[in-house]
Amino acid sequence: MSSETADSAGTTEKRGAKAARIRELMATEGDAVAENTRGFNAGRYESTGRLDDYEELKAEAREIKEDAIARLPELIEEVKTSVEANGGTVYVADDADDANRYIREVAAECEVERAIKSKSMTSEEIEVNEALAADGVDVVETDLGEWVLQIADEAPSHIVAPAIHKSREGIAELFNERFEPDEPLETAEELTHFAREELGKLVEDAELGMTGANFIAADSGTMLLVTSEGNARKTVAATDTHVAVAGVEKLVPSVEDFAPFAELIGRSGTGQDVTSYLSVLTPPVNSPVPDFGDGDAPLRDTDSDDRAFHLVLIDNGRLAMREDAELTETLYCIRCSACANSCGNFQSVGGHAFGGETYSGGIATGWEAGVEGLDVAAEFNDLCTGCSRCVPACPVGIDIPWINTVVRDRVNRGEADRSQLDWVFEELVPDEEPAGLDVGARLVGNFATLAKWGSRTAPVANRVASFGPARAALERVTGIDRRRELPSFSRESFVDWFERRGGARVPPERATREAIVYPDTATNYANVGRGKATVRALEALDVHVRVPALPDAGRAPLSQGMITTAEEAAHDVYAALAEEIDAGRDVVVIEPSDLALFRREYERFLADAAHERLSGASYDVMEYVYGLLENGGEPEALRGPSGFDAERGVAYHPHCQGRTIGVGEYSTAVLERLDYDVLVSETECCGMAGSFGYKADYYELSMDVGEPLVEQFGGTGRTVVAAGTSCGEQLDALLGSSVRHPVELIAPR
Amino acid sequence: MQASTTATFLDRLDSLDVAVSEGTPDACASLIDAAAGDPAVGTPLDIPGATMPDRVEMNPTVEELRAAHTGVTAGALGIASYGSVAIESDRAGTEPVSLFVDRNVVVMREADIVPGMADAFAWLGPRAREEDIDVILATGPSATADMGGLVRGAHGPKEVHVVLLSEEDSNAGDVPEADDE
Chain A
1 MSSETADSAG TTEKRGAKAA RIRELMATEG DAVAENTRGF NAGRYESTGR LDDYEELKAE
61 AREIKEDAIA RLPELIEEVK TSVEANGGTV YVADDADDAN RYIREVAAEC EVERAIKSKS
121 MTSEEIEVNE ALAADGVDVV ETDLGEWVLQ IADEAPSHIV APAIHKSREG IAELFNERFE
181 PDEPLETAEE LTHFAREELG KLVEDAELGM TGANFIAADS GTMLLVTSEG NARKTVAATD
241 THVAVAGVEK LVPSVEDFAP FAELIGRSGT GQDVTSYLSV LTPPVNSPVP DFGDGDAPLR
301 DTDSDDRAFH LVLIDNGRLA MREDAELTET LYCIRCSACA NSCGNFQSVG GHAFGGETYS
361 GGIATGWEAG VEGLDVAAEF NDLCTGCSRC VPACPVGIDI PWINTVVRDR VNRGEADRSQ
421 LDWVFEELVP DEEPAGLDVG ARLVGNFATL AKWGSRTAPV ANRVASFGPA RAALERVTGI
481 DRRRELPSFS RESFVDWFER RGGARVPPER ATREAIVYPD TATNYANVGR GKATVRALEA
541 LDVHVRVPAL PDAGRAPLSQ GMITTAEEAA HDVYAALAEE IDAGRDVVVI EPSDLALFRR
601 EYERFLADAA HERLSGASYD VMEYVYGLLE NGGEPEALRG PSGFDAERGV AYHPHCQGRT
661 IGVGEYSTAV LERLDYDVLV SETECCGMAG SFGYKADYYE LSMDVGEPLV EQFGGTGRTV
721 VAAGTSCGEQ LDALLGSSVR HPVELIAPR
Chain B
1 MQASTTATFL DRLDSLDVAV SEGTPDACAS LIDAAAGDPA VGTPLDIPGA TMPDRVEMNP
61 TVEELRAAHT GVTAGALGIA SYGSVAIESD RAGTEPVSLF VDRNVVVMRE ADIVPGMADA
121 FAWLGPRARE EDIDVILATG PSATADMGGL VRGAHGPKEV HVVLLSEEDS NAGDVPEADD
181 E
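Same order as they appear, the protein sequences are chains A and B.
Heads up: the first sequence begins at 1 in UniProt numbering, then just goes up one per residue.
Heads up: the second sequence begins at 1 in UniProt numbering, then just goes up one per residue.
Don't read these hints as lab results, they were simulated from the structure.
Watch out, some of these pointers could steer you wrong.
One-sided excerpt, in silico: chain A residues whose CB lies under 10 angstroms from chain B [said to hold, decoys possible]:
#1 Asn231
#2 Asn462
#3 Val495
In silico lysine-lysine, DSBU-like type, Cα no more than 35 angstroms apart, as pairs [claimed, not checked]:
#4 Lys58/A / Lys80/A
#5 Lys58/A / Lys158/B
#6 Lys18/A / Lys80/A
#7 Lys452/A / Lys158/B
#8 Lys18/A / Lys452/A
For every residue, glycine included, the Cβ atom is placed at its ideal position computed from N, Cα and C.
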């Protein structure tokens, strides 16, 4: 057996195991996770929508974090002085072991038998519970969700609501089995009150209270704890030794800097305007330690020396992340969970699949890469499809998809294994990437070449694409799921069609504007109909249109973490369009994921002025039509609803990346302007996300992510429209109906 | 300005299901008496003219705290846009008295309501730096969604009742009588 075959078999096996794990999680935890995360996400829209100054607060929060991380070493020194002046101690731990050693020493010195904890992801990161338990300390989690997990011996599945994967029934079963109450517990009220009583007893004789800290002000040593249950308050109030464990990145310059975060964190995470309790503590706290062992003792106590405080600041890779130009933004993260809740894949599988050792959700890739290492991040990094819906949700504006792309690129390079490559493949994948890149990733990443080849050999390629045994082989080698319909290539490309029809029909001298329609790879070789519709619609509104052959924009390679290839594409596209833009022509883009590249990711690849010019001159086709209508274009020149569309209306799913760059709503606006009745989807991403849904590992997940679309659109009889190529394919598969681009609806025939 | 701030504050408290009693400081004891369950414990209010009803134990033992239904404490500040009240820790035990009970009655002055979150932190900042204060910004009762449904009353109080004191008669015009324009 050749080494290639052996490797291919191993890869297939690994793929199967991953798919099985995802299938299992969707079956056991998927429903609870979906209901909760979608609820949080809807709550986020409502709660942030009530803020008049939401964008200003985000900008302010971002600015504070940028400044704090830039000055981090200085803030660490400052907080040492402040906390010590207050009578506390600061310990900066290099890593988890160092932190645990210090905390164990504190516990031993105070002869601690029980430690109570409020929820802290950082304490999960260092696994302090295990370290203390090894010394015989009884560590009790007092956050109700964490306590449930401690009893069940499970890991958190969400950074804010750790037991989100557990149903009420599951918790009741767990409690009834473990505690055997006289009356079996059933309702959420009963479960909560039972836990309150049980934990209340444990709290009373604890000696050490451990909390995290959401933010720490360097100027005063004050910390902000964001909680709802009141357990963090009890953890601090009831014990005489307070240990706060926090990553160094939690430092901000001053107490006043807490304000925007206090307004944003609850809204962004679970959709609460504010959580029940914001504890603003300058420990050791000024509150008597109740002597629960002596009931007759007065609570009041004027002796203010009864409390000790230790702030344990954890480095554990963070100061190195700070020096890493691409990962440093991760340190702005306030752990609100918006990126998890807004993520289609997370909503379906939760943090047990979409997470690493400690952290979960989109930003977890950055945390796990920085804290644990690339290989831990690599295990779940695939689950970020780059749909970018987390970008506007993030209260500190972290480009989370970019962090995922960077990590993918590093994984591609780091795990290069030459023997995986098949020489036949080389012709189809003329990229700049390292050998050993996953075959499936490489095929998808080189979609432009593949599409060109497919178009040239359309009848053959299309027949192969629907031929069972060939698909089975394709799945084995590339991981492309055989249940997916492959793109059907057109024999005549969009560019060729335009040339054959004799070019522009509206001459420049009669035109209101001049536009280049960008022939993206999908439109050019597979989905030519929407290109033709674009030309007809724009010409109906008196635009002089041209469709020159232009380079691929690089979306497919970027989605596979092939950053070098994508960057080359950016330079090529700009070079090809610069003169057109100089001549005052607009660039009209049909595929929203390509426009999103021009506007967002190209900023990283092009010189500032170049990016500004390209992004400023580029329009989504429906945005462009909207602008033309606003500027006197005749709506009558376009097609309004007729027949079926008029009777049943239209169902429109905005493209994820299109929404992020703010062009999703133009389709709705134009269609409504033309008197269509439009039902707009509320789903963040259709689940296909470019090539993600094609992969055998993720086919079922991808279909599950799209399920809310079936619930909303299925059976309505509406004409379904979507701007993204892959959205169209996904909706086809989900709804069994043919999906068109909105421009195909409104273009004159 | 204060009138509309107060109106916003009351509106937010209402949406949080926080009961409110309004009156002048001389009515304080009777308002607290009506709001507090039994047994009740408390800590000094430090509001001029405001007194506690006799039945509130002002120097509770740990056992009395454990047995208490209601804890009566002062609110140092109100945040109108959130309906939050600031509970400041002290050596008398305001933090445990407001926490280890089923109902927290918070007594505060209308003049101490500020419009927004930034105002609250502007007030907090200097005092944190100079006096090391510890403050809980509490918004409604404690709550959890960890047990498969939203439940009020997790570790902290299940109910919050605000007694709002103003120098003037509280009916002095911040709420329109009727829409008779």
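Hint check results:
{"no.": "1", "hint": "Asn231", "result": "holds, 4 angstroms"}
{"no.": "2", "hint": "Asn462", "result": "violated, 50 angstroms"}
{"no.": "3", "hint": "Val495", "result": "violated, 55 angstroms"}
{"no.": "4", "hint": "Lys58/A / Lys80/A", "result": "holds, 29 angstroms"}
{"no.": "5", "hint": "Lys58/A / Lys158/B", "result": "holds, 33 angstroms"}
{"no.": "6", "hint": "Lys18/A / Lys80/A", "result": "violated, 46 angstroms"}
{"no.": "7", "hint": "Lys452/A / Lys158/B", "result": "violated, 66 angstroms"}
{"no.": "8", "hint": "Lys18/A / Lys452/A", "result": "holds, 32 angstroms"}
Figure legend: structure checked against the earlier numbered hints; hints not met, in rising order: 2, 3, 6 and 7.
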